[in-house]
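Enquirer: Chains as they are written, first to last, in our numbering: chain A, 1 to 80; chain B, 1001 to 1080; chain C, 2001 to 2160; chain D, 3001 to 3160.
No wet-lab data here; the hints were simulated from the structure. Yeah, the Cβ is synthetic: ideal placement off N, Cα and C, and Gly gets one too. Mixed in with the good hints, there may be bad ones.
[What the hints assert, rightly or not] Pair ranges (Cβ atoms, derived): (1) A:E21 x C:A2141: 31 to 37 Å; (2) D:C3078 x A:E21: 29 to 35 Å; (3) C:A2099 x B:E1063: 51 to 57 Å; (4) A:A57 x C:G2096: 22 to 28 Å; (5) D:R3022 x C:H2051: 36 to 42 Å; (6) C:G2096 x A:R66: 55 to 61 Å; (7) C:G2054 x B:E1063: 26 to 32 Å; (8) D:R3022 x A:D55: 39 to 45 Å.
[To be verified] Counterexamples of contact, computed for chain A against chain C with all Cβ distances above 12 Å: (9) M1; (10) D14; (11) R38; (12) R51; (13) A53; (14) D55; (15) W61; (16) E63; (17) E70; (18) I74.
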Amino acid sequence: MARVTLLYFASLRDAAGTGSEALDTDAPDCAALYEQARARHGFALPRERMRVAVDGAFARWDEPPREGSEIAFIPPVSGG
Amino acid sequence: MARVTLLYFASLRDAAGTGSEALDTDAPDCAALYEQARARHGFALPRERMRVAVDGAFARWDEPPREGSEIAFIPPVSGG
Amino acid sequence: MIDAPVPGPGEGDARLFAIASRPFDIAPLRTRLLNDRAGAYAAFEGWVRDHNDGRAVRGLRYEAYVELAEAEGRRIVCEALDRFGALDACCVHRVGELAIGELAVWVGVSAAHRAAAFDACRWIIDEVKARVPIWKHEHYADGDAGWLHPRPTGSTAPGT
Amino acid sequence: MIDAPVPGPGEGDARLFAIASRPFDIAPLRTRLLNDRAGAYAAFEGWVRDHNDGRAVRGLRYEAYVELAEAEGRRIVCEALDRFGALDACCVHRVGELAIGELAVWVGVSAAHRAAAFDACRWIIDEVKARVPIWKHEHYADGDAGWLHPRPTGSTAPGT
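Build the full structure now, drawing on both the sequences and the hints.
Expert: In structure tokens form, the structure reads like this:
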């Protein structure tokens, strides 16, 4: 089990009703962590359209959640 | 014979020592008019690198000089 | 992230890219790009327009993951200087509520010649739109509203 | 031809293209291009740089055949609006003596989307440099000076 903080933006923030949540997870990687959060909050976006960032830097989906890390699920961007 | 005003710019103005001159010409077209002016003032630029304008609009070299018209020889431009 | 006014010359990385939470002045940002070796300057501004994809828009809100957006934005500007041989460049993107006509994003690039200035400027705004974690929430005239999560190559991708 | 300040909104054709005999402000020209339908604005500035073709430059002088330059400049800007579907555009070119760092030419374009704004802006400056009867006289640091009469496609063609 690792204690992590998840960050939600844009439509994910709306669906989750919060911009972040702290939780203990046994997910083997960030991909599984997203699928769990998606099931829990009903996110519309499939993982294939998302990116993941760990501690403020883009990361790989197969990275395991590390104790104390901040994990952000990044929906398709629309700046500009 | 047609009375015309010739306009000189940039290196042509320097070579002619004036920005304009009025003269009576029997040149059959603007091309011949340029060759005469080039011989008279020693312009370095051959006609192939020039354009001609009559009364404030680009014109054809085979246009004959009309009485009272203002004829400008346009060297290669270098604005911007 | 910066409040207005814009970052000053001493603020290091904010010279390259910054997220602004309030309206900012372009003039001092442009002045910083002036350079005796520069013969060319290209700039882009994205403004909030009154329509998108055929729908009337009343205004919008931008949200950013500020920490990552600023890091990724700086990477883009540095890459552009390197790739196009430009002399200097800067990009600032707004977040928060914006009305029609407000400035959403600004890019400025100075270079010795115009090709490098144009190419770098266009590449920066393209990459910012594609890579920087900023999201647009549009308020439509019909009362509807929504987040824009465009598909990478779809014709439904909105944008300036 | 205009003295500074820049042409006002009522001055008709000078909205599209003008020759300026003195330094001019960009801000009011840019403001005139603002438009609720515009999501994008691209601008280009040509500055006098301290070198050209490997020679140190002290300053320069621009001369124009003003009547023809303004007519040809307006044609270029109108053509650009039509060709790229831009909403509005303007170009102003300086004549007279200019020091290093001074603004020589400015182009601004507004459009619904960024591709049209960039493409029209770049096309306008390319066409102005190729077609508008304006000539540059450079003063070199070594005391020499000369008119630039570039060959159309030669690599010796100077320019920003």
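Enquirer: Confirm or reject each hint.
Expert: Hint-by-hint comparison with the structure:
{"no.": "1", "hint": "A:E21 x C:A2141: 31 to 37 Å", "result": "holds (35 Å)"}
{"no.": "2", "hint": "D:C3078 x A:E21: 29 to 35 Å", "result": "violated (57 Å)"}
{"no.": "3", "hint": "C:A2099 x B:E1063: 51 to 57 Å", "result": "holds (56 Å)"}
{"no.": "4", "hint": "A:A57 x C:G2096: 22 to 28 Å", "result": "holds (25 Å)"}
{"no.": "5", "hint": "D:R3022 x C:H2051: 36 to 42 Å", "result": "holds (40 Å)"}
{"no.": "6", "hint": "C:G2096 x A:R66: 55 to 61 Å", "result": "violated (33 Å)"}
{"no.": "7", "hint": "C:G2054 x B:E1063: 26 to 32 Å", "result": "violated (51 Å)"}
{"no.": "8", "hint": "D:R3022 x A:D55: 39 to 45 Å", "result": "violated (55 Å)"}
{"no.": "9", "hint": "M1", "result": "holds (26 Å)"}
{"no.": "10", "hint": "D14", "result": "violated (7 Å)"}
{"no.": "11", "hint": "R38", "result": "holds (14 Å)"}
{"no.": "12", "hint": "R51", "result": "violated (8 Å)"}
{"no.": "13", "hint": "A53", "result": "violated (5 Å)"}
{"no.": "14", "hint": "D55", "result": "violated (9 Å)"}
{"no.": "15", "hint": "W61", "result": "holds (16 Å)"}
{"no.": "16", "hint": "E63", "result": "holds (15 Å)"}
{"no.": "17", "hint": "E70", "result": "violated (9 Å)"}
{"no.": "18", "hint": "I74", "result": "violated (5 Å)"}
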